[in-house]
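Asker: Chains B, C and D: place on chain A using the hints.
Protein chains in written order, with this note's numbering: chain A, 31 to 372; chain B, 31 to 372; chain C, 31 to 372; chain D, 31 to 372.
Keep in mind the hints are simulated off the structure, nothing from the lab. Among the clues, some could well be false.
Any copy will do: because identical chains look the same in the list, a pair fits if it lies in one copy or spans two.
Said to hold, decoys possible - Once the Cα atoms are required to be at most 30 Å apart in a straight line, the calculated DSSO-like pairs of lysine-lysine come out as: (1) 190 to 262; (2) 205 to 321; (3) 126 to 205; (4) 337 to 195; (5) 190 to 281; (6) 276 to 320; (7) 283 to 321.
Protein chains: 4
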Amino acid sequence: MSNTFGKQFKITTFGESHGPAIGVVIDGCPAGLEISREEIQTELDRRRPGQSELVTPRDEKDQVEVLSGIFENQTLGTPICLLIRNENAQAKDYDKLKDVFRPGHADFTYQAKYGIRDYRGGGRASGRETAARVAAGAIAKKILAGVGIEITGRVVQVGKITDEKDFVKEIEAAKVDGDSVGGVVEVIARGVPVGLGEPVFDKLSAVLAHAFMSIPAVKGFEIGDGFSCVEKFGSENNDEFVDKGKGEGGKGKVVIGTKSNHAGGILGGISTGEDIVVRVAFKPTSSISKKQQTFDRDGNEAVIEVKGRHDPCVCLRAMPVGEAMMAMVLADHYLLSRMSRL
Amino acid sequence: MSNTFGKQFKITTFGESHGPAIGVVIDGCPAGLEISREEIQTELDRRRPGQSELVTPRDEKDQVEVLSGIFENQTLGTPICLLIRNENAQAKDYDKLKDVFRPGHADFTYQAKYGIRDYRGGGRASGRETAARVAAGAIAKKILAGVGIEITGRVVQVGKITDEKDFVKEIEAAKVDGDSVGGVVEVIARGVPVGLGEPVFDKLSAVLAHAFMSIPAVKGFEIGDGFSCVEKFGSENNDEFVDKGKGEGGKGKVVIGTKSNHAGGILGGISTGEDIVVRVAFKPTSSISKKQQTFDRDGNEAVIEVKGRHDPCVCLRAMPVGEAMMAMVLADHYLLSRMSRL
Amino acid sequence: MSNTFGKQFKITTFGESHGPAIGVVIDGCPAGLEISREEIQTELDRRRPGQSELVTPRDEKDQVEVLSGIFENQTLGTPICLLIRNENAQAKDYDKLKDVFRPGHADFTYQAKYGIRDYRGGGRASGRETAARVAAGAIAKKILAGVGIEITGRVVQVGKITDEKDFVKEIEAAKVDGDSVGGVVEVIARGVPVGLGEPVFDKLSAVLAHAFMSIPAVKGFEIGDGFSCVEKFGSENNDEFVDKGKGEGGKGKVVIGTKSNHAGGILGGISTGEDIVVRVAFKPTSSISKKQQTFDRDGNEAVIEVKGRHDPCVCLRAMPVGEAMMAMVLADHYLLSRMSRL
Amino acid sequence: MSNTFGKQFKITTFGESHGPAIGVVIDGCPAGLEISREEIQTELDRRRPGQSELVTPRDEKDQVEVLSGIFENQTLGTPICLLIRNENAQAKDYDKLKDVFRPGHADFTYQAKYGIRDYRGGGRASGRETAARVAAGAIAKKILAGVGIEITGRVVQVGKITDEKDFVKEIEAAKVDGDSVGGVVEVIARGVPVGLGEPVFDKLSAVLAHAFMSIPAVKGFEIGDGFSCVEKFGSENNDEFVDKGKGEGGKGKVVIGTKSNHAGGILGGISTGEDIVVRVAFKPTSSISKKQQTFDRDGNEAVIEVKGRHDPCVCLRAMPVGEAMMAMVLADHYLLSRMSRL
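This is chain A alone, in the form it adopts within the complex (with noise of 0.2 Å):
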């Protein structure tokens, strides 16, 4: 198991889905970042299912406990606690599929590996494992805040749709349908300034890959223009440096940007100033009300139809998760570049 992420903002997550609770520890965050418990609570609600008909209606709550690390609403250097309670937990829900193998999830996968897994609702493997992240990327997003980083996601194509006018609409057809649709979420941030990023191999773009790739349901990662790029010529491609005017409200020194930014804000690994663009691709939600054919975990073959709560698109819910993986990345590069020079 590997349930740590980052080298100085570091955060171990913890928690089965339908256990007494999850969480996240953050070792690495600096003294003296102000922030308080609702701060944390607010980032969290973005991320709360029941908000609208086309998510899954199971009212988590969801309320954060701070249990160390913040003193009277100051971080004092040492690991930061945030514990989450699983309430409204149906167990018996989940009974049925102890020990048949849902596809698409990590039901075999997990039961080859460990011999043993805690069958209800996908347990470690839960999406649910990410409220946990969303909550230590707040932090993150209130360390980057304060250089002025900006982080927003966007949901950019549902199915095959592009129209965000649209995406309602595709969604309620394929759950109507007992079906389920992919999407593509695109997150920016703004105001990086240049030199994050550890090469060679923790490029900023690769580390961002390993981030975004980690959350549940990503099949693809993208930097700037990511595939498109290879279909054009390094002469289109190549983002020439141009003057970008002076810095320090016009009485610095001229910044050097470039012009256009196919490379998504990031060169060698290190970030150029400007915009961070990446795109992810989230398969279509695996629990489908549909028949499948699958087996059990003695290897007989079963058919099964996923009931209960699920959203028929995970790209909704998934963005503040993939905020919180870019907050969490800059944040841990923005400290790590302290160490670049003598």
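Answerer: Relative to chain A, chains B, C and D alone:
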């Protein structure tokens, strides 16, 4: 800087493209692997430039020297250092690049981050660093071969061309024009057992993304159907579980596999036993001889034409690098999987 | 901050002494270990204060809650979070310590390092943090018990006294005097197999030193004959190899062991199969009620008398902590030793 | 195997004593440090054997080669590889040791752990590995010198002798007798700022213990008054805080220090600003020419006399190694301390 990759089979590369040498230290290779210097050299030769008209004619030779960790053609369990001297380094070619930032290259970002850089041919950011990866990858491949895992890479797209017969033509056209083209490389691992991958942050798919995105010029990564799965319904994309016949030569238990392999061999971050299939997008080479606008280190505008020996399409030489990264990730996770159960 | 210890069996502790809770996340415990909450509680109770006249009367109760990673009394291979709420925290006792640096304590150094500290009872630097280690240690002990490794600690010196019968007297004398005394704890591991330890930097002896020196108040560490071996000749100190009879109940191969065990069970950083014997020196408790000269946070001279509930000798309560550290190091290296050979 | 030490200033050593070379890769040294090959060589020469009658006469020369990371006498922020070729390796001397386990050495444990070992002169377990540490330590020392931290080591005990004038006599007596003696080395760091050390597991004292106990032949470690503080009362052992005059040449704020320094410069795992004082116990050299009982690899009893070039007391040559370890720990923590506050 972060020049180490892997958790158990851990490599640390070092060296600038025009310094005395590049190399790699592998820490964590178990004792008792039979491997000779020649086997490593053979793999390295696959990456060597100068093998066709389409790749840079610099004759690097790249003779690998085994400095430690292998004794009488067996690994000792101690760190293995592999060294490759830099010969034929015509540093004077690069003197005029000393102060000018090449568009698409890491010159600008390294200078901004470190306040100093080895400006000769890309220095640490040069693709030459990947030779060390290929050398280490040879050892990873040998570990995998011992357990029946085989890795193969191929170029599946060059520019807009997907028909292999026309790749050469496309690259030559760009070369004549002083330009470059991008490409897509696919790497497949066969014979991977069920159970590799360390959730939740080191999902096999996430670590592979990290590994591949750390290769210079890579801008996108996908696994299985990747971005195209977005356009499918869950009922189309889920891979149903089926009977794959009996294991151990027909005498063992029924092997559960999947009818299709949209997932690319990974569920919940853990290998399913099906082929692992990844694709990576390489941008068109940044070094082109066309005129480009840029800046020098002192903040003066400049125009640059990058002359010299450069691949108009890095895909061909990057293929063995992709295979090496796949091999190292799988060898690492094969070893890590020993820790799953008591 | 670095609140994580271990490479494979990896613990991260969190919590301040007078915050809401302390706890630990264990990442890397293999699946399939049978362990109940009660077994963890039993170990924790051994450390609990209030068990005699000689240890601080604060009744902590310290009920451990298992938040994740254990399902139906079996480990899942997922992170195990153990939580202990802080009750009976009389924070007001500490208000007068808010601004004054207690000699021998970490008040001054935490304030200097972080610019902020939780001044209530030592905060993160409090010995209370070690309760989390003992809880995690219970799991490590269970792993070891399964392979026949047993750990026992004992106090071998209190002040100048080495006769166990007089320890109580010595401590009481110091207590009456408003003073404190130091002590030496010895921890022995029996049944350790040959081959644990990861040279060169993670020699078993080096990692044990790290582990024990991280316990609050420890000022010295030695293994086997330790400092006294300095005064011996090589011919006296070398442990000759001898026949220890046949293994596997007399039916296996000859077991090679050592005639003496000056080395304390470790050669070249790797366990020999003999008992591992370490001793650690605890300084006299820093909290004494005698007047001491110091400074406050604003740089004004001050005089302090530390009233309240404090152990005049930490050895007694530290013994289970020492056992826990030994257990965690050995469990970690027992797992790591799976990686030595192909 | 674990051949890496440090968190930010991270070294990885490689090489067997009688293989082609030993060396070290330093990853994490910031860019912009001025350092020449000669400065590294000078430090290495201090460790070199053959400088007196009392140390082994093997003339290693040990010329260091800088393979990467330093360009025009400045660090680049990229990994620094330092290589030392093994010359004068008379491997044939060791052929008779091929199958016999030398008492006190790692032959037996390496063979048991890895199933294979480079039997020529200790292989990886040889003290020769420490030359690589000294080379890396030269760079750490240079970083520290830039911020006014100075490190000095000295031998304070040889066998039972504590008077420096009689050390030579004691060692010679052992040598004549075909025997060896132990010793104690003290290493002091002066000018260390307040605030180095990363609680709770990477207390400066704990990491120093790890570092020093990883040096071959070390059996004990203590900081400040160490084991002797056990016999004192708290009122004697606590270091009271006092006014050390004003900082910044008398113009700054009052510097708070301690009247005594029983703690050895560390409180709660964090440096106090006082001198850091550690002492380590070296066992008598295991290689002695007296007859000793042992076993060979096939389980047959054997008698061994270790002939050849060996130091009868490793203290003298180990002193620069101790200094190097202290330097690397402090350089690492000096860099890490940049992360404490926002």
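Asker: Now look at each hint and say whether the structure bears it out.
Answerer: Hint by hint, here is what the structure shows:
{"no.": "1", "hint": "190 to 262", "in the structure": "both (24 Å within a copy, 8 Å between copies)"}
{"no.": "2", "hint": "205 to 321", "in the structure": "within (15 Å within a copy, 54 Å between copies)"}
{"no.": "3", "hint": "126 to 205", "in the structure": "within (22 Å within a copy, 62 Å between copies)"}
{"no.": "4", "hint": "337 to 195", "in the structure": "within (29 Å within a copy, 49 Å between copies)"}
{"no.": "5", "hint": "190 to 281", "in the structure": "neither (48 Å within a copy, 46 Å between copies)"}
{"no.": "6", "hint": "276 to 320", "in the structure": "between (60 Å within a copy, 29 Å between copies)"}
{"no.": "7", "hint": "283 to 321", "in the structure": "between (64 Å within a copy, 26 Å between copies)"}
Violated hints amount to a single one, hint 5; each of the other numbered hints is respected by the structure.
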